[in-house]
Amino acid sequence: MMNMIQACGVVAKNRTQDNLLVATMGAMFIFDFIEGESGQAKYVPMLGGKVGLIAGVVAGKLAAKFTKSANPEAVPAIAPRINSVPLMGGAAGLGLGLALAQPTKKIVVVDGDASLLMELSGLVTVAQQQPANFLHIVVRNGTQFTGLANVQIPAPEFNFADAARNAGYVHTETISDADEWAKRYPELLKMNGPVFVQLNVAPVPAQVKPEFKQQELPVNQYDRMGKEAVALQSWLQEKDLI
Amino acid sequence: MSEVDYSIPASECLAALVRNQVEYVVTVPDWVQLSLHDAIVKNTHGIQLINCCSENQTLTVAAGLTVGGKRPLLMMQNQGLYNCINTLRAVCLDAHIPAVLMVGQFGREYANLSEDPKQSGRSMVYIMEPVLDALGIQHMRLDTAADLSKIDEAYALAQANGSAVVLLVSGPMAWS
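Top to bottom, those sequences are chains A and B. In case it helps, the numbering used here puts the first sequence at residues 1 to 242. In case it helps, the numbering used here puts the second sequence at residues 1 to 176.
Honestly, the hints are just simulated from the structure, not real lab data. Check each hint, because a few of them may be wrong.
Restricting the straight-line Cα-Cα distance to at most 20 angstroms, the calculated cross-link-like pairs of lysine to any residue (SDA-like) are [said to hold, decoys possible]:
(1) B:K70 <-> A:Q130
(2) A:K227 <-> B:A160
(3) A:K42 <-> A:P80
(4) A:K227 <-> B:N86
(5) B:K70 <-> A:P103
(6) A:K227 <-> B:L93
(7) A:K227 <-> B:K42
(8) B:K70 <-> A:I242
(9) B:K70 <-> A:N19
(10) B:K70 <-> A:Q233
(11) A:K105 <-> B:A160
(12) A:K13 <-> B:K42
(13) A:K65 <-> B:D94
(14) A:K105 <-> B:G69
(15) A:K227 <-> B:H96
(16) A:K105 <-> A:G39
(17) B:K70 <-> A:E238
(18) B:K70 <-> A:V230
(19) A:K227 <-> B:M1
(20) B:K42 <-> A:N19
Please read all numbers here as calculations on a predicted model, not as lab measurements.
Just chain B, with the same shape it has in the complex (with noise of 0.2 angstroms):
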């Protein structure tokens, strides 16, 4: 496969969300998901857009909205994930708020996308999964458009654990 065949479009994704009845995407933008994070501005879809200074407080925005019985996803980059670990950790593993999480891995080589992103020679790239795995958090990757029904499952998962789901973006969604 070629790199074009792990640009995920936008549209698709923004139908997976509307599909999960995501109100709100709360983000710190991530170069990986830039034209999701654009097709989300055009709201043409009735998802609220909220932008935060800080990965910090991603999570409590929607943990806020969570317990108000609204539905946000998360979206940052993997930079902002290691960011924000402490309130990922209060939030999502002590007080099993569930939280969905898109986390684009900025960093990782194009050449690197047919392979295991441990093999990445980028440390932001390879050191996600072990983290995450270290944390005890659930994680999926999306590659490819055909992954965009992992959205939905990290949603039931994140409900029936109350707890988080990290859906790793793996390369520069599609701007179609």
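Isolated chain A, as found in the complex (with noise of 0.2 angstroms):
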């Protein structure tokens, strides 16, 4: 089973103009880690396992300190990633709003599993406006509070490839195997959808331990979506896209 790098590794080191990125709190983690300056987590190696988790982190952290653009004020080549936090549930519609909106880019939204289970009907609202420029991945790693308790889902066995197909997506499949999703992303970029993704994900490894303190989490984590909403804005613009 692939493990959090390597899920969201792949969606990274494949983004381009081309397509825009939702995603939910476990997958912003990662991406946070691993994304650099590019947005395209450039020097992140992709290696399975505990051992790749902190390959990519640490990579990830080196990266974004000695790899700073000149000008940090310059409009990014990619979009800026937005996330529906705090915000379980939302990536979806999220995502659907901005696919009928920028019909000429892809979305691409990587959804968590206890997430999607919040708002599971948003499978057939997505699927009512058959958008084709929409790619649905479904991180299932059984877990919420994902690397911190890790708290298991109501179903962590859940099938969400065969929810999405019932629900009316045009392509359904399941993946666990990283090199085989690294090969099958690209592929998948480019049909027509909504297509869905189900990627069977190795949930990072739990830190709570008796006495275990929880710090207070970051002012952005609550400010975030509406910086990000701004950015992603300006980028359209800057696009002539609005």
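Bring the two chains, given one by one in their own frames, into a single complex with the hints.
As structure tokens, this is what we get:
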């Protein structure tokens, strides 16, 4: 089974001006670590297991430190990511709205399993609109508060790909192997959607243990979606798409 | 005034939406606004209808449309608004993405139409304005056709403040 770096790394490494990325919290944390200045996780190795997780995070941090842009005010080459945070269940709807508003861009939604369960009927809402430019990925790791407490979700073995197929997505599939995912993703990006992919992913190991002290979450956890919305709008304006 | 005076013609409301350059109506249908829903389904004015399975989805879809440069209207029932308060909080209060919602006061007694809705005997009606006040969300009443200019005001306010504005539709819209 692939790890989170491999799941999100494939998406980051294939980012171009032609796709816009929407993520939920679990994926957001990984993208924050790995995507770097280019947004494309250039220096992040795609290794399996816990070693791969650690190597990915360390490589991402080092790349962020040593590859700072000479002009941080410059418009980024690829569109800023927007995260449905803190708002579980919101990613698919946000992505659908973007897909309808920006039909020349492929919208890639990296959803979480607990998040999608919260608004599972959103699969029907998406499918009813049949957005050809919509690729919906769910990271199924069976847990929420992943990497912290790893609380089991209500249905860890739930088959999201079947649910998406029944809802009316034009293509659905399930992938567990990292190499297959890396090979398949560029093909999935090219397909007419709505396309759905369930990734079976190993959860990031939990941190909690007796006497563990939970730290206060940073302020940007609460206001980042608004800032990201403004940044994405600015990017679209810069490209004359609004 | 009789209850007929509180029945805003759907055609006049639709004209107000067109005037405000609304491109999408994102909805979980509402009993109070059924005639407007029907008029949009017939798609004679170029407004696209997006039916959602929950009111939370109306807010996120509308947010995506807005970020992507389109102008949506959200249409739902009072019960639906209660259902999506957390999404309203995230999208409009925290992320400051503007939204205009037309919310039907389902359950409002015809005898209450000329009274203060807080005097209604139905909780879904009488708690609405206090709930919106508690949330810090601006709201206005659409009682009669003369109030339709408030739609223009709502879009201007939502955009200026980066927040939600709720238009409360008092009585069932007329099928005309």
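The hints, checked one at a time:
1. B:K70 <-> A:Q130: Distance of about 18 angstroms is within 20 angstroms: holds.
2. A:K227 <-> B:A160: Status holds; Cα separation ~16 angstroms.
3. A:K42 <-> A:P80: holds (16 angstroms)
4. A:K227 <-> B:N86: holds (19 angstroms)
5. B:K70 <-> A:P103: Since the Cα atoms of K70 (chain B) and P103 (chain A) sit roughly 12 angstroms apart, the hinted pair holds (cutoff 20 angstroms).
6. A:K227 <-> B:L93: holds (13 angstroms)
7. A:K227 <-> B:K42: This hinted pair is violated, its Cα atoms lying about 37 angstroms apart.
8. B:K70 <-> A:I242: holds (8 angstroms)
9. B:K70 <-> A:N19: holds (18 angstroms)
10. B:K70 <-> A:Q233: Holds: K70 (chain B) and Q233 (chain A) sit about 11 angstroms apart, inside 20 angstroms.
11. A:K105 <-> B:A160: violated (28 angstroms)
12. A:K13 <-> B:K42: violated (44 angstroms)
13. A:K65 <-> B:D94: The given pair, whose Cα atoms are some 30 angstroms apart, is violated under the 20 angstroms limit.
14. A:K105 <-> B:G69: Within the cut-off at roughly 13 angstroms; holds.
15. A:K227 <-> B:H96: holds (9 angstroms)
16. A:K105 <-> A:G39: Within the cut-off at roughly 17 angstroms; holds.
17. B:K70 <-> A:E238: holds (16 angstroms)
18. B:K70 <-> A:V230: Cα-Cα ~14 angstroms, so holds.
19. A:K227 <-> B:M1: Violated: K227 (chain A) and M1 (chain B) sit about 48 angstroms apart, past 20 angstroms.
20. B:K42 <-> A:N19: violated (33 angstroms)
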